[in-house]
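Undergrad: Protein chains in written order, with the working numbering: chain A, 602 to 928; chain B, 77 to 563.
Rather than coming from a laboratory, the hints here were simulated on the basis of the structure. Any given hint could turn out to be false.
Computed, partial: chain B to chain A, Cβ under 7 angstroms [unchecked claim]:
1) ASP107
2) GLU119
3) GLY124
4) ASN136
5) VAL140
6) VAL213
7) PRO247
8) PHE272
9) GLN274
10) PHE335
11) PRO393
12) LEU394
13) LYS397
14) ARG434
Listed below are the simulated BS3-like cross-link pairs for lysine-lysine, each with C-alpha atoms no more than 25 angstroms apart in a straight line [said to hold, decoys possible]:
15) A:LYS899 - B:LYS454
16) B:LYS397 - B:LYS321
17) A:LYS729 - B:LYS454
18) B:LYS233 - A:LYS798
19) B:LYS482 - A:LYS710
20) A:LYS899 - B:LYS452
21) B:LYS339 - B:LYS454
22) A:LYS680 - A:LYS729
Since the structure is predicted, the reported quantities are computational estimates derived from the model, not experimental observations. From the three backbone atoms N, C-alpha and C, an ideal C-beta is built for every residue, glycine too.
Listed below, chain by chain, are the residues.
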Amino acid sequence: MAGKPKVAICWLGGCGGCDEAVVDINEVILRVVEVFDIVLWPVALDFKYDRIERMDDGAIALSVINGNVRNADQEEMAKLLRRKSQLVVAFGACACFGGTPGLANLRTKKDIFDWVYRDAPTVVNPEKNYPKTKVSSNGAVLTLPEFYEQVYPLNQIIDVDYYLPGCPPPPDLIVNAFMAVLEGKLPPRGSTLAPHKALCDTCERNKTKPSRIAIRDIKRIHEVEAQSNTCFLAQGILCMGPATRTGCGETCININIPCRGCFGPVEGVKDAGAKYISALASIIDAEEEKDVKRILDKVNDEVGYLYRFSVPASILRKRRVSEVEEQ
Amino acid sequence: MTKKLTINPITRLEGHGKIEIFLDDNGGVKDAYFQVVELRGFERFCLGRPAEEMPRIVPNICGVCPSPHNLASTKALDDLYSVEPTPTAKLIRQLHFNAFYVEDHFIHFFFLSAPDFVLGPDADPADRNIVGLIKKVGPDVGGKVIDIRKRCREIIKLIASKPAHPEGGLPGGVSRGITSEEREWIKETADDTVQFTQVALGLFKDLVLGNKKYLDMVMNEAYKLQTYYMGLVDENRKVNFYEGKIRVVDPKGKEYVTFDPRKYADHMGEWVEPWTYVRLTHLRKLGWNGLIEGEGTSLYRVGPLARLNVADGMATPLAQKEYEQMFDALGGKPSHHTLAFHWARLIETLQAAEDMQRIANDPMLTGKDIRNMNLKLKKVGIGCVEAARGTLIHHYETDGQGLITKVNLIVATQQNAAPICLSVKKAASEYIKNGEVKEGMLNRVEMAFRPYDPCLACATHALSGETPLEVIIRDSTGETVKTLKRP
Chain A
602 MAGKPKVAIC WLGGCGGCDE AVVDINEVIL RVVEVFDIVL WPVALDFKYD
652 RIERMDDGAI ALSVINGNVR NADQEEMAKL LRRKSQLVVA FGACACFGGT
702 PGLANLRTKK DIFDWVYRDA PTVVNPEKNY PKTKVSSNGA VLTLPEFYEQ
752 VYPLNQIIDV DYYLPGCPPP PDLIVNAFMA VLEGKLPPRG STLAPHKALC
802 DTCERNKTKP SRIAIRDIKR IHEVEAQSNT CFLAQGILCM GPATRTGCGE
852 TCININIPCR GCFGPVEGVK DAGAKYISAL ASIIDAEEEK DVKRILDKVN
902 DEVGYLYRFS VPASILRKRR VSEVEEQ
Chain B
77 MTKKLTINPI TRLEGHGKIE IFLDDNGGVK DAYFQVVELR GFERFCLGRP
127 AEEMPRIVPN ICGVCPSPHN LASTKALDDL YSVEPTPTAK LIRQLHFNAF
177 YVEDHFIHFF FLSAPDFVLG PDADPADRNI VGLIKKVGPD VGGKVIDIRK
227 RCREIIKLIA SKPAHPEGGL PGGVSRGITS EEREWIKETA DDTVQFTQVA
277 LGLFKDLVLG NKKYLDMVMN EAYKLQTYYM GLVDENRKVN FYEGKIRVVD
327 PKGKEYVTFD PRKYADHMGE WVEPWTYVRL THLRKLGWNG LIEGEGTSLY
377 RVGPLARLNV ADGMATPLAQ KEYEQMFDAL GGKPSHHTLA FHWARLIETL
427 QAAEDMQRIA NDPMLTGKDI RNMNLKLKKV GIGCVEAARG TLIHHYETDG
477 QGLITKVNLI VATQQNAAPI CLSVKKAASE YIKNGEVKEG MLNRVEMAFR
527 PYDPCLACAT HALSGETPLE VIIRDSTGET VKTLKRP
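Produce the entire structure from the sequences given, and follow the hints as far as they go.
TA: Dropping the structure here:
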């Protein structure tokens with residue numbers, strides 16, 4: 602046990618972007634490798650799954666886990682790492698809140714399978730095959746992990762000590778997190794390793810924000826040429842800034858594209874969507890109910906705007922499309 | 077007694093994958109399966125989303141290859157809204173794409189392919205990685221690779237926000253223009269990239285053409301696979317990553333078909349097998365003929381070598397010279413030598429770098445007209461680009477409000493999934509005879525699927541360059557006979 606603290610970096614149901622983000626800390630990665638003993642990083646290093654199993658419980662100082670949980674393999678891996686680790690960081694939007702693939706909770710597994718393996722225009726499936734967890738092919742037995750009915754963020758499967766949001770998390774916050782572990786300067790368990798403020802509080806465009814925003818129409822991003830120096834909301838363009846935690850570096854704002862909430866809700870708020878609705882309601886400039894309705898009808902995909910990265914962690918959790926439409 | 081070898085995990089595609097190899101009664105290789113063990117269902121959960129938000133959602137399909145998804149999606153929106161991007165917007169998109177090609181191809185080449193031939197396929201895995209490579213070729217080269225990757229990703233960030241999740245792209249244009257100050261460092265990056273890519277090609281050719289052992293391996297039957305090939309070509313039938321028509325050539329190199337990407341569903345079929353979550357793509361009009369190569373096959377390959385096989389040449393002068401030299405050395409077109417994917421990948425990097433230079437010097441790049449607002453919703457949009465790993469199709473349909481009602485995606489590695497099964501089988505057959513698994517089998521199987529770069533071959537191999545591999549040999553009762561893995 603003596604020597605460098607052991608670190609595991611692992612992906613579950615992710616896209617690899619979080620692993621790329623770790624590499625994007627560039628030169629610092631070499632220092633990280635110097636001071637930590639990386640015992641697992643499937644996309645970058647030799648995969649030592651059984652070596653992890655053989656370790657004592659708690660032998661790993663820190664497990665950095667990205668991706669959500671959608672199948673049996675991922676659940677097993679998450680539980681194994683929890684057992685072996687003193688600290689677990691949920692890394693990135695998928696691990697923290699479910700991520701964009703969490704939007705799949707609006708659909709049943711059957712709906713997904715029927716399209717992917719039966720109804721899509723390019724499918725050729727005369728034998729009506731569906732992937733199976735166990736199948737004999739030409740005398741050989743092949744297995745696949747079970748695909749679950751829904752997507753889970755990490756903390757619905759195991760206890761999580763810290764959260765590092767973003768899609769993916771930005772380099773400065775990643776470096777800070779590693780350093781905090783190394784120096785033992787961690788905030789209380791359960792904390793999010795990112796600023797507490799809202800994106801609006803750090804956004805450059807905040808200076809141009811009128812003291813009271815009043816919008817009479819909501820515009821979709823393809824319908825207008827957004828001003829590059831004016832608050833999006835003041836232009837009638839939906840921006841998740843008021844309800845989203847800052848720390849991302851405003852990279853989307855910098856390319857003149859509004860926020861979609863990949864950092865999740867601000868400190869102390871559990872449900873970003875509910876928070877946003879109240880923020881939005883306060884800036885609608887209409888008295889009559891029918892006018893309010895006309896304006897809000899332009900928010901034509903509430904779930905996709907308000908919960909793009911967070912359906913599984915939100916109050917919706919796994920509400921299917923039919924149920925949402927009824928509301 | 078059937079023996080089973082499991083290699084797990086190997087990669088991500090739309091997720092993770094594994095390879096299973098089964099032996100017959102005589103202890104020879106009977107079958108090999110490249111299984112994709114994950115599914116996320118993007119085609120379904122995007123329903124109901126506003127179409128213009130799609131370029132911001134689909135990059136999550138793959139964080140290693142997010143730019144091609146972002147751009148295919150943006151192009152599907154052009155089609156959906158019957159709009160052409162302005163000339164400046166098109167340059168900016170292509171600049172983004174070229175920067176992506178360079179960083180993605182480079183990382184694959186230096187971190188994954190190069191150690192095999194610089195240090196040799198039988199070198200100790202502890203050395204056969206980027207660290208060993210840098211020791212051999214000098215720290216300057218390693219530093220330069222990291223430097224170029226970083227600068228190319230800065231270009232992506234400038235245009236599209238986060239490189240691992242680009243967010244730019246609108247129907248008819250882009251969200252942000254380029255300033256003259258930015259042009260200067262873009263130009264510098266492009267110049268350095270062209271220069272360094274030539275150094276890399278020189279290094280590769282010295283090692284391959286100058287080493288009979290390696291050249292023999294490239295030409296070896298174990299790494300040869302006779303299939304159809306598919307890729308985009310421009311109006312002069314030159315390689316194009318961003319646009320053009322899809323051309324398919326048969327295993328003899330004869331044109332099979334050239335079609336508008338909008339007609340993809342007439343030509344691409346997706347076969348469903350119960351042992352994998354990925355659909356196996358094939359030439360639909362030929363029908364599904366199973367996992368076979370050569371005469372009677374309906375399988376095609378995509379990616380760098382496929383693109384060079386279907387085209388009449390490269391679109392830029394320096395890359396064209398390299399193209400000619402490669403096919404001369406490989407004995408003509410088409411080349412079925414899977415290891416030549418690596419060579420083709422470098423030649424493509426040179427084209428991307430040269431094209432970056434062209435764009436960086438184009439006066440239109442800094443133009444202010446970055447949006448064509450003349451949008452007319454036609455409710456169907458199909459976008460196609462060549463992702464680094466092969467042809468990529470995004471097909472969307474919407475209602476009258478532009479909300480998504482239908483999504484169909486054909487992704488690059490899915491099209492290579494069936495050929496990967498065959499390549500693994502052939503390479504493994506050389507090393508497994510009479511039930512004996514020869515030393516070095518792991519390396520060879522790895523080398524057989526690595527050329528396809530099935531999305532595992534990414535920047536994240538930074539530390540060791542090794543593919544995570546474990547082979548478990550089991551008898552028919554499931555008892556483990558032997559386990560091979562990286563030390």
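Undergrad: Run the distance test for LYS729 (chain A) versus LYS454 (chain B): straight-line Cα separation, threshold 25 angstroms.
TA: The given pair, whose Cα atoms are some 33 angstroms apart, is violated under the 25 angstroms limit.
Undergrad: With the threshold set at 25 angstroms, check whether the alpha-carbon distance from LYS899 (chain A) to LYS454 (chain B) stays at or below it.
TA: holds (20 angstroms)
Undergrad: Grab the minimum C-beta distance from GLY124 (chain B) to chain A and call the hint holds if it beats 7 angstroms, violated otherwise.
TA: holds (6 angstroms)
Undergrad: Let's test the interface hint: is any C-beta of chain A closer than 7 angstroms to that of ASP107 (chain B)?
TA: holds (6 angstroms)
Undergrad: Under the criterion of a CB-CB separation shorter than 7 angstroms, is PRO247 (chain B) in contact with chain A as hinted?
TA: Where the cut-off is 7 angstroms and the nearest Cβ of chain A is about 5 angstroms from PRO247 (chain B), the hint holds.
Undergrad: Holds or violated: is the Cβ of LEU394 (chain B) closer than 7 angstroms to a Cβ in chain A?
TA: violated (29 angstroms)
Undergrad: Taking the least C-beta to C-beta distance, is ASN136 (chain B) closer than 7 angstroms to chain A?
TA: holds (5 angstroms)
Undergrad: Hint check: LYS899 (chain A) vs LYS452 (chain B), CA-CA at most 25 angstroms. Holds or violated?
TA: Satisfied, since the Cα-Cα distance of roughly 19 angstroms is no more than 25 angstroms.
Undergrad: Can PRO393 (chain B) be said to touch chain A, with a Cβ gap under 7 angstroms?
TA: Nearest chain A Cβ about 32 angstroms off; hint violated.
Undergrad: Next pair to validate is LYS397 (chain B) with LYS321 (chain B); report whether the Cα-Cα distance is within 25 angstroms.
TA: holds (23 angstroms)
Undergrad: Can you verify the interface hint for PHE335 (chain B): is its Cβ closer than 7 angstroms to any Cβ in chain A?
TA: violated (14 angstroms)
Undergrad: Any CB of chain A closer than 7 angstroms to the CB of VAL140 (chain B)?
TA: Holds: closest Cβ of chain A sits about 4 angstroms from VAL140 (chain B), inside 7 angstroms.
In summary, the structure is inconsistent with hints 6, 8, 9, 10, 11, 12, 13, 14, 17, 22 from the numbered list given earlier, while agreeing with the others.
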